[in-house]
Amino acid sequence: MNIFSVLHCEIRKIIRANVFWLVFLIFAFGPIMMGVGIILSSDAGGINWKMYLTELLDSLAPLGLIGYTFIAAWVFGREFSDKTIKDLLAKPVSRSKIVLSKFIVILAWSLLLSMYMFAIGFAVGGILGVAGGSASFIWNIFFKFIITSLLFIIVTTPGTLLANVSKGYLAPLGLILIIVILSNVLASFGFAPYFPWTIPSVFQSTGFLKLSSIIILASTGIAGIVGTFAWWRFAEQQ
3 MNIFSVLHCE IRKIIRANVF WLVFLIFAFG PIMMGVGIIL SSDAGGINWK MYLTELLDSL
63 APLGLIGYTF IAAWVFGREF SDKTIKDLLA KPVSRSKIVL SKFIVILAWS LLLSMYMFAI
123 GFAVGGILGV AGGSASFIWN IFFKFIITSL LFIIVTTPGT LLANVSKGYL APLGLILIIV
183 ILSNVLASFG FAPYFPWTIP SVFQSTGFLK LSSIIILAST GIAGIVGTFA WWRFAEQQ
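Quick note on my numbering: the sequence shown kicks off at 3 and runs consecutively.
By construction, these hints were calculated from the structure, which means they are not laboratory data.
Treat each hint with caution, since some may be false.
As the list claims (entries may be wrong) - Once the Cα atoms are required to be at most 25 Å apart in a straight line, the calculated PhoX-like pairs of lysine-lysine come out as:
#1 K169 / K146
#2 K52 / K169
#3 K88 / K146
#4 K99 / K88
#5 K15 / K99
#6 K146 / K93
#7 K85 / K146
The model shown is predicted, which means the values in this text are computed figures rather than measured ones.
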């Protein structure tokens with residue numbers, strides 16, 4: 003089997019799962035509640051698209067981290083929880099193609115979730131009468147939000163490794179809850195540019211990253227990817 007056949011099978015498997023649709027249902031509530039809260043807390047008629055989207059996406063981007071981590075952990079971890087790992091390994095396809103197809107699906111699903119949350123938040127603003135924004139500004143802030151989402155997706159790769167090592171998706175979810183708490187603490191002490199899981203939020207707020215932050219972020223993502231490929235290549239599959 004070539005990589006496209008493996009990817010096709012992986013996509014069909016994901017779309018047919020109830021979890022795929024539940025993720026979009028659950029993560030619709032975040033932008034809805036945040037958007038309504040931002041508008042209601044502002045002075046009547048005193049909020050425009052720049053104020054609304056800036057505040058919304060600064061809060062929404064870290065929320066996406068939880069969703070992206072769940073997606074990454076579930077795509078790998080479900081093979082163990084559903085006990086389909088042996089059937090998967092019995093297929094006439096290399097393990098590296100299986101891992102690569104899963105990473106591609108994780109990337110596509112996570113980006114789709116990111117665009118979905120932005121669309122929901124934008125729709126809430128439009129329905130509740132936010133005005134005063136230009137198409138170019140909205141496009142620019144959307145583009146920055148997508149880049150921020152990609153940065154968050156990069157740091158979910160250690161979660162994929164943990165999902166394989168722990169043979170399930172609960173451990174990565176527990177880890178991300180600890181990371182969220184730790185991120186708030188470190189950010190309050192000024193360490194946000196040096197902690198992998200807060201670096202994307204720095205980009206969302208400032209629009210740029212220092213070289214040290216880029217190196218830390220890239221190293222974290224690469225470590226998770228390489229570790230996952232290595233685990234599938236060398237670890238004993240029970």
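Has the given pair, K169 with K146, been kept, meaning a C-alpha gap of at most 25 Å?
Cα-Cα ~35 Å, so violated.
Take the C-alpha atoms of K85 and K146, compute the straight-line distance between them, and say whether it is at most 25 Å.
violated, 39 Å
Holds or violated: K15 with K99, Cα cutoff 25 Å?
holds, 16 Å
Given the proposed pairing of K88 with K146, does the C-alpha separation stay at or below 25 Å?
With a Cα-Cα distance of about 41 Å, the restraint between K88 and K146 is violated, given a limit of 25 Å.
Check the hint pairing K99 with K88 against an upper bound of 25 Å on the C-alpha distance.
holds, 16 Å
Hinted pair K146 and K93, Cα distance within 25 Å:
violated, 40 Å
Between K52 and K169, is the straight-line Cα distance small enough, at 25 Å or below?
violated, 44 Å
When each numbered hint is compared with the structure, violations occur for hints 1, 2, 3, 6, 7.
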